[in-house]
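With the hints as constraints, model all of the structure from the sequences given.
To convert, count from 1 in the sequence shown and add 23; that's my numbering.
Hints in this document: simulated from the structure, not taken from any laboratory.
Keep in mind it's a predicted model, so treat the numbers as computed, not measured.
Possibly wrong hints are sitting among the right ones.
Said to hold, decoys possible - FRET-style restraints, in silico, Cβ to Cβ: (1) S117 with Y142: 19 to 25 Å; (2) S48 with E137: 45 to 51 Å; (3) K119 with I65: 26 to 32 Å; (4) G116 with T42: 31 to 37 Å.
Claimed, not checked - Straight-line distance between alpha carbons at most 30 Å, and here's what the computed BS3-like set of lysine-lysine pairs gives: (5) K72 with K52; (6) K124 with K72; (7) K143 with K119; (8) K64 with K143; (9) K59 with K72; (10) K124 with K59.
Heads up, the beta-carbon is just placed ideally off N, CA and C, and yes, glycines get one too.
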Amino acid sequence: MEDESHHDFGGSGSGASATYPIQCSALRKNGYVLLKGRPCKIVEMTTSKTGKHGHAVYLSPSTHNMDVPNVTRVEYQLLNIDDGFLSLMTSDGSTKDDVRKELLITIISAMGEEAAISYKEAPRS
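What follows is the structure in structure tokens.
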């Protein structure tokens, strides 16, 4: 998967399960896992011996199973942002207007020219 966070955690289709079990030892950095019912990206993983626990966010024995979400990635063309809702064009030319997202766009400028170089989700207020 790419490093960007453009992921659809919606359903994967008719009859498809939203998650599947995997042994903890098979999980990898930049993969995904379900924690407290929410899909989360694995940004760091470490192993430790029994009784040697540092400051960890989540601990699980390597022999246990965890649920992994079925993650899909779809790229859309951004058409407009209206009242916090993104207006997106799909690959077949139809529009998708049900995604609410507040974004911060980084603009660089030099010699009278400007370019959008990155974006990130705005902090929740």
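Hint check results:
no. : hint                       : result
1   : S117 with Y142: 19 to 25 Å : holds, 23 Å
2   : S48 with E137: 45 to 51 Å  : holds, 48 Å
3   : K119 with I65: 26 to 32 Å  : holds, 28 Å
4   : G116 with T42: 31 to 37 Å  : holds, 32 Å
5   : K72 with K52               : holds, 19 Å
6   : K124 with K72              : violated, 42 Å
7   : K143 with K119             : holds, 20 Å
8   : K64 with K143              : holds, 16 Å
9   : K59 with K72               : holds, 25 Å
10  : K124 with K59              : holds, 23 Å
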